[in-house]
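Sequences and hints are given; from them, build the entire structure.
One-letter residues, chain by chain:
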Amino acid sequence: MTALAPSPQPAAVAGARDVTVVSRKAVVASAVITALLALLVALAPHSGSTSFRFSSETDLFRIPDVAVPGQATAWVCVVLAALVTAAMELSVRRGRRVPLVLSAVLALLLIVGFLAWAGAGSDRDFPVVRLVGGSVLLAVPIVFGALGGVIGERAGVVNIAIEGQLLAGAFSAAVVGSLTDSPWAGLVAAVLAGALVALVLGLFTITYKVDQVIVGVVLNVLVIGLTSFLYSQVLVPSADRLNSTSRFTPVAIPLLSEIPVVGPALFRQSVVVYLMYLAVPAVWFALYRTRWGLRLRAVGEHPKAADTVGIKVQRTRYRAVLVAGGVVGLGGAFYTVVSVSSFGKEMTAGAGFIALAAVIFGKWDPVRAALAALLFGAASNLEGALSIVGAPVPSQFMLMLPYVVTVLAVAGLVGRSRGPAAAGQPYVKE
Amino acid sequence: MSTTDPYGHGASTAAGTSPEAVPHNPATHVGPGSEADPAAPAPADDDAARWRAALHRVFAGGWAVSVGAVLLAVLAGSIMIAFTDEGVQSASSYFFARPLDTLQAVGSAVGSAYAALFRGAVYNYRADDLATAIRPLTSSLNFATPLIAAGLGVAVAFRAGLFNIGGQGQILAAAAGAGWVGFAADLPVVVHVVLAMVAGVLAGAVWAGIAGVLKAYTGAHEVIVTIMLNYIAFYGISYLLATPGLLQAPGSANPKTPAMQDTAILPRLLGERFTLHAGFLVAVAAVVVVWWLLNRSTLGFGFRAVGENPAAARVAGIDVRRTTVVAMLVAGALVGIAGATQVLGTVTTGFSYDIDAGIGFDAITVALLGRSTPWGVLAAAVLFGAFKAGGSTMQASENIPIEIVLVVQSLIVLFIAAPPLVRAVLRLPQPQARPRRGARTRKAAA
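Those protein sequences? They're chains A and B, same order as listed.
Per full-length UniProt numbering, the first sequence runs over residues 1 to 430.
Per full-length UniProt numbering, the second sequence runs over residues 1 to 446.
Please keep in mind that the hints were generated in silico from the structure rather than gathered at the bench.
Remember, it's a predicted structure, so these values are computed and weren't measured experimentally.
We treat Cβ as the ideally placed atom computed from N, Cα and C, and that holds for glycine.
Hints may contain errors.
As the list claims (entries may be wrong) - Restraint ranges, calculated between C-beta atoms of paired labels, are given here: (1) D319(B) - A349(A): 52 to 60 angstroms; (2) R321(B) - S341(A): 48 to 56 angstroms; (3) S341(A) - L75(B): 32 to 40 angstroms; (4) G358(B) - A35(A): 33 to 41 angstroms; (5) S341(A) - P244(B): 37 to 45 angstroms.
Right, here's the structure in full:
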């Protein structure tokens with residue numbers, strides 16, 4: 001976290017820091033979650049087979065549907081997950097951090113095992129393509145929100161107003177998209193609206209040095225109030241003219257979209273989703289490999305030191321906050337020019353707070369935060385998946401599960417999360 | 001509390017001359033021996049100068065900023081009403097021909113809107129008898145009741161350095177606990193309602209305590225955990241409400257509980273004609289208790305110490321982990337009062353999973369506006385309660401969406417948080433230096 005140089009930290013320093021960071025909590029949490037799944041499978045056994053449908057109608061190569069015995073598959077997944085947990089333990093014993101790959105594999109195994117158990121005996125099959133595609137789609141605003149959150153916090157400005165920026169983006173994309181009849185114009189308007197909310201955030205936190213949490217929370221309320229008010233007063237009376245956008249249509253990327261399973265799920269999406277694919281590595285590159293990112297992180301970790309070497313702290317923070325707001329605004333556009341074609345009151349429904357959780361879950365790193373956002377997207381998509389096969393336990397528990405797992409994961413996998421050192425503190429030049 | 005800071009600052013400038021000359025000043029006991037402020041103006045000898053200094057203190061002080069913030073926010077609300085009013089829009093189409101028409105339309109739109117707000121929140125001057133006329137005031141206090149309790153819950157957590165976004169989940173948990181005792185148990189009159197309240201408070205405390213324990217012992221960030229606990233509580237309540245034999249009313253397919261038993265309902269304070277119930281007294285008592293807790297007790301000192309600087313608190317011998325857990329327990333218990341009074345006083349005919357009605361999030365704004373002090377929370381909650389009560393009247397009689405209240409509320413908090421901005425806009429004098437205010441609000445909310 002404290003590494004300001006774009007090159008990797010000197011080995012000695014990194015080693016000294018990591019020794020204290022590595023703990024067994026990740027292993028314990030993985031073991032607990034795996035044991036929970038094992039318990040679920042053991043206590044409520046399902047006979048019958050689960051079928052996964054891999055192909056969609058337009059595939060070039062059709063993969064046959066796979067029907068597996070649900071219970072057995074679930075057990076195999078549990079065993080594999082236990083093995084992955086053992087591998088984690090091994091890497092901790094060697095004094096290394098748990099690799100990200102292991103965590104990802106574990107999450108995948110647990111999801112597959114859970115689905116295999118849940119779908120056993122059902123005569124319907126899981127459309128895998130739609131599941132993956134739906135997860136990605138639902139994750140879009142959360143990913144953009146999390147990216148914006150990461151940029152802002154890395155520069156030392158805590159952005160609780162993600163929800164407000166998403167909502168402002170969705171609102172202006174709807175209005176401008178309807179007026180111009182062009183989703184592209186809506187997209188641009190969403191970016192500007194997100195940046196506008198960010199500008200207010202910056203004005204109060206950077207210039208007037210008001211507490212960042214206060215401003216963030218209040219801005220959320222302000223944007224909810226403004227958009228709901230304008231929706232009732234202005235949009236509803238003339239909905240045809242102001243609140244019916246044309247949406248982006250899914251575009252298939254040649255070749256990539258022909259890949260079985262992954263292709264139709266990931267590469268037959270709309271432009272905004274492709275922008276997301278580009279945004280994650282772009283933000284990573286900008287933060288860790290450019291002068292802008294270096295300065296931004298310096299300002300977030302130690303503004304005084306940055307000021308001493310001639311970096312303009314206030315200006316850097318303003319720029320970062322504006323860029324972050326624009327990125328979040330893009331995510332807001334998803335609601336009105338991709339998902340549905342009209343704005344609705346509070347249509348973001350707490351996605352901004354989930355994005356905030358993803359920022360912390362992802363330890364203020366763009367790639368990890370995006371992965372965390374994807375996990376949340378998959379979690380919210382689970383509802384649809386389970387309603388297809390008919391849930392074996394009350395649906396509310398199924399819906400609750402991702403949040404319970406998140407709590408366990410945050411308690412275990414992430415542990416004491418440490419944000420940028422100067423996040424939340426206004427900088428007063430002496 | 002921190003609104004007195006500028007007075008304190010002003011006091012040190014006056015203290016050099018004659019302490020008894022400014023009796024209205026709360027900090028005159030600083031005494032003549034205190035250090036003279038280096039930035040102080042030359043000692044004022046004549047009356048005029050002293051009056052000028054006093055006026056300067058008043059206008060540079062916290063109260064002027066608070067009033068100014070409210071004025072600015074109300075002005076912004078007026079602009080929104082004016083711009084979206086049909087009468088104004090039609091009059092503005094011929095603005096250059098007859099500009100007075102537009103101004104008149106603006107005046108009538110804004111005037112009738114705020115008149116409706118006043119009628120709904122404070123005093124209904126159109127009513128025939130006094131009882132009907134003051135009903136809005138009691139209804140405002142009724143809306144304020146859960147906001148006071150939940151606002152205190154968020155404020156206590158703030159003071160201990162914790163950000164409790166989990167008000168929604170804690171209210172749902174408390175409602176489930178209090179509601180279950182309220183309709184399922186058969187108990188004598190006073191015992192029943194007390195036990196139901198206790199059940200609610202305990203449920204809220206436990207729900208927030210989970211976040212406290214995880215924060216203290218695993219380091220899990222309380223922001224994530226409380227947000228997740230909101231969802232878990234929501235789905236948990238949904239399950240309980242959909243399952244016969246748990247919370248669902250027998251013989252009903254709706255996700256709703258049966259009505260509370262008469263013995264479990266909080267008594268109405270002013271007779272059956274007014275909705276104000278004893279929950280308000282509980283909330284006000286909670287304000288006093290929290291004030292004592294934070295300012296006079298060892299536990300509260302621990303909260304504040306951990307909130308200001310956990311490392312220093314640990315060095316001073318305070319058990320940071322235990323304090324974190326206890327702070328969340330207390331916060332959850334306070335939010336639990338809000339949930340319990342909701343189901344035992346306000347919505348006694350059975351509740352559903354929307355019983356929190358956004359109070360959990362409103363409470364954050366209330367705590368911020370009240371600067372995380374108990375009396376500040378009380379004042380902020382009553383103000384917001386009045387806005388809620390008046391906003392619905394405004395929506396009903398003037399057809400102005402109630403969301404305008406959210407805008408005005410958030411602008412008030414925003415402006416109050418940025419005194420230099422309000423001073424700049426209203427041309428109030430800027431005090432020379434105000435280092436303590438910024439430090440206090442930051443620590444309170446960190």
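Verification of the supplied hints:
Checked against the given bound of 52 to 60 angstroms, the beta carbons of D319(B) and A349(A), roughly 39 angstroms apart, lie outside it. Taken as a hint, the range 48 to 56 angstroms holds for the pair R321(B) and S341(A), whose Cβ atoms sit roughly 51 angstroms apart. For the pair S341(A) and L75(B), the supplied restraint of 32 to 40 angstroms holds, since their beta-carbon distance comes to about 36 angstroms. Remark: the range hint 33 to 41 angstroms for G358(B) to A35(A) is upheld by a beta-carbon distance near 37 angstroms.
A hinted range of 37 to 45 angstroms for the beta carbons of S341(A) and P244(B) is consistent with their spacing of about 40 angstroms.
Of the numbered hints stated above, the single one contradicted by the structure is hint 1.
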